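For the record, the sequence lines run as chains D and E.
Count the first sequence with my numbering and you get residues 1 to 454, in order.
Count the second sequence with my numbering and you get residues 1 to 295, in order.
Just so you know, not all the hints are guaranteed correct.
[As the list claims (entries may be wrong)] Think about it this way: if two alpha-carbon atoms lie no more than 30 Å apart in a straight line, the pair counts; the simulated DSS-like pairs of lysine-lysine are: (1) E:K154 / D:K255; (2) D:K255 / E:K237; (3) D:K279 / D:K73; (4) D:K287 / D:K255; (5) E:K55 / D:K16; (6) E:K96 / D:K16; (7) E:K154 / D:K73; (8) E:K117 / E:K249; (9) D:K219 / D:K388; (10) E:K131 / D:K16; (11) E:K117 / D:K16; (12) D:K73 / E:K131; (13) D:K16 / E:K217; (14) D:K255 / E:K156; (15) D:K279 / E:K55; (16) D:K287 / E:K131; (17) E:K156 / E:K96; (18) D:K46 / E:K237; (19) D:K291 / E:K131; (20) E:K131 / D:K255; (21) D:K388 / D:K73; (22) E:K154 / E:K83; (23) D:K46 / E:K217; (24) D:K16 / E:K83; (25) E:K55 / E:K154; (26) D:K291 / D:K388; (27) D:K388 / D:K370; (28) D:K375 / D:K146.
[Said to hold, decoys possible] With beta-carbon atoms standing in for the labels, derived distance ranges: (29) E:E82 / D:D43: 43 to 49 Å; (30) D:W18 / E:K237: 18 to 24 Å; (31) E:P230 / D:G21: 21 to 27 Å; (32) D:Q75 / E:V239: 22 to 28 Å; (33) E:C37 / D:D39: 26 to 32 Å; (34) E:C37 / D:K46: 51 to 57 Å; (35) E:L209 / D:S443: 48 to 54 Å; (36) D:P37 / E:K154: 35 to 41 Å; (37) D:Q407 / E:G58: 20 to 26 Å; (38) D:W18 / E:A72: 40 to 46 Å; (39) E:A138 / D:N149: 27 to 33 Å; (40) D:P37 / E:R19: 30 to 36 Å.
Hints were generated in silico from the structure; no laboratory data involved.
A quick note: this is a predicted structure, and the numbers were derived from the prediction, not measured.
From the three backbone atoms N, C-alpha and C, an ideal C-beta is built for every residue, glycine too.
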Amino acid sequence: MLALPEIFRRVEPAPKEWFEGIPSAEPSISYALPPLPCDNYGDLIKVWNQAMYWTDSLDVALVAMLAVVASTKQQGSQIWIRLIGVAGSAKTMLCEAVCANGNYVYPMSLTTGLHSGYTQGGEDHSMIPRLNGKTAVVNEGDMLLKAPNKEQTMAELRDLWSGQARCDFKNGKHENYQGLRITFILAGTNTLRQLNRSALGDRFLDCIVYERKRETLGKANQHESNIVRSAIRKQRVRTRTESDGKPESYDEPSKIEAKQRTAGYVQYLRENAAVLLAKLDQELDDKTYAKLENDCHDLASLIAMMRTRPMGSGEEPTEPELATRLGEQVYRFMACIAVVMGRSMDGEVMRRVAKIANYTCYGDTFEVCKALMDKPLDEAALAVKLHKSQADVITAIKTLREIGCIQPDTLPAVSGALGRGRHVYRLSPYVAGLLVRLRELLSLEPAGDSLEVV
Amino acid sequence: MPAAAREVPEALRPYIFHRLNLEWVGSSEAEGPCVMCGAQDRFYVSQTTGQYSCKHCGEEGNIYTFMRWMWAVASAPPTDLEKIAVDRRVSVTTLKEWGLRRSPIDGEWILPGYGAKDITNLYRWSLVKKKRRLLCTAMLDHCLFGRQFWDDTKSKAYICEGAWDGASLRETLMAYRDNAGRLIRVANPSQSLYGEANVVAVPGDNTFLDSWIPLFKDKIVTLLFDSDRPRTTPGGKVVPPGGYEGMRKAAAKLYGVAKQINYINWGPHGYDPDLPPGTDIRDFDVSVTRNLQAS
């Protein structure tokens with residue numbers, strides 16, 4: 001190409017009128033940080049260790065989020081998770097890291113619903129086509145519960161979970177989407193538990209980023225102190241450094257790199273999930289599969305019972321859901337966690353699945369069942385042990401009795417005392433067995449590359 | 001009934017595009033002979049997920065792994081490449097570097113398109129209305145040609161229209177350095193014009209995916225699309241020059257991301273009336289060289 005100088009002589013800066021009306025500068029967050037290559041979970045965790053005080057809870061949360069991303073295109077019930085944590089627990093940081101890959105993750109707000117209500121020139125401006133095939137991440141899930149169109153959005157989400165969405169636009173057009181594959185990560189505080197009452201909560205598995213134990217409230221907590229001190233130390237360095245308003249300099253380099261590597265790992269998972277999952281299944285022998293099936297069955301059955309909520313009027317019988325959907329979700333989640341961590345479906349993977357199951361079972365009914373594992377108790381003793389009001393305990397007991405998880409019993413009167421025996425409650429043997437299995441799975445040692453257990 | 005005459009399920013379209021012989025009526029899985037091991041009717045493709053597996057050789061994967069396999073086993077006979085090199089006005093070495101090979105399935109020319117790390121598309125260079133065109137694999141996103149050579153440490157980027165323009169420009173930049181407007185031949189590409197510039201090419205003047213934008217962050221970008229003439233549609237509507245409009249739209253997307261955006265100014269109306277319609281930088285090179293020789 002000897003005419004190169006001639007070509008270059010014709011090169012000029014682009015005319016200014018080409019850019020009239022275009023808002024200047026800041027690209028949207030999905031393009032702000034280009035992903036950096038990452039195809040190994042161990043390498044990703046090393047980067048996070050550099051970036052912040054990395055705990056086992058954060059590790060479990062990140063793995064769960066990446067497993068949701070990896071599961072997006074796989075057949076079967078979709079996996080949606082709620083990422084629950086108090087303010088300052090780094091859930092926003094994790095969400096931003098996963099959202100840094102705009103090809104496969106879509107950060108969104110639910111305050112305006114999923115459909116705009118308008119179609120113009122044949123184009124559909126709803127979010128559905130943009131979400132299809134991606135993981136939607138809602139960073140401020142609490143806003144959903146405060147939105148004026150909350151009921152409409154929740155109805156749209158219930159449909160979406162089944163892979164469908166319908167919309168009638170204000171100009172008479174109608175769209176009917178089928179076969180959608182959209183996974184969800186909904187992050188927020190404990191307020192998100194209110195979704196349990198809306199028949200939307202049972203679409204989600206839960207993951208807690210940081211949870212304070214009740215007995216530590218108001219007391220010095222060494223673990224929490226370590227987290228806060230680590231943040232203060234990092235801020236000391238950042239205070240000396242000025243940001244130039246660009247995404248790369250918003251935070252310290254180690255955190256920026258952690259986000260970029262996470263985005264790169266999201267890319268790797270989405271491009272390779274199908275092959276890795278197939279390989280994982282191929283390597284499974286019948287004996288191991290039978291054991292895993294039992295564990296998934298037990299966890300799913302436990303979740304189904306523990307998140308049973310009484311019917312509104314109190315007259316219809318309370319029934320737990322049939323755990324078919326949960327069983328599918330738990331198994332798929334387990335397989336995807338194994339792929340994310342680059343492991344087989346071993347004890348460490350099961351520990352994490354058990355943790356998610358443990359978080360998902362959250363509620364008064366679960367607390368009562370756990371309290372009854374050691375010995376039968378009456379309402380008053382349960383209320384004291386659980387630091388709850390007796391009214392709450394009685395409501396939970398009523399639900400548990402209706403679904404057969406606990407049975408009333410009478411303990412003989414204390415030797416030498418007169419009067420009737422004590423009325424107590426004890427766990428049914430079946431539920432006791434499920435809880436024992438959960439405890440066994442939770443007590444498995446964390447893998448060497450996870451940090452301290454929270 | 002031939003595949004083209006029936007509605008092809010979406011998940012199977014990429015495989016049919018590459019001329020796999022599949023039957024899918026009445027089953028959730030399409031079935032056909034395995035092109036990898038030659039076994040008859042042992043190759044299955046799921047109509048839902050698009051994943052394939054062969055029950056004979058055990059190979060399995062998705063369309064990406066299939067395309068990567070196709071390209072890996074494809075070959076390019078030297079005599080064929082020489083003819084293409086003359087036709088496309090690039091060297092055989094350049095054609096090999098860009099990966100032009102013959103499909104192992106039907107012998108058609110295939111050119112890989114790369115993502116950040118590996119092949120994510122395989123274009124067929126097929127005859128369409130008596131002219132060879134690069135056709136994107138059905139259902140997959142377009143790629144930026146030359147992406148496999150991208151070096152993020154370079155401060156400049158040239159964006160050409162069409163893979164052949166990109167290949168030709170890269171070849172030239174690697175062989176020369178600029179000395180006050182005169183081209184001096186160099187042996188070391190790191191000391192050449194290519195040492196400070198990436199060269200990529202869009203598949204067409206109207207294709208610039210949003211996912212490509214981050215690549216050009218803080219780069220000095222130069223758009224080198226074709227000198228197309230405006231045309232009038234059968235309905236009487238005047239369509240602006242495609243190359244000029246393509247550069248304008250690409251520039252608008254890169255605004256605020258690239259450090260500086262330049263373009264090739266063919267003329268005040270977006271084209272050079274003294275050049276044939278659709279002149280690209282390779283054609284321009286030929287005409288300038290001929291003019292120099294004639295004078």
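Just pull the numbers of the violated hints for me, sorted ascending.
-> 2, 4, 5, 6, 7, 10, 11, 12, 16, 18, 19, 20, 21, 22, 24, 25, 26, 28, 32, 34, 36, 37, 39
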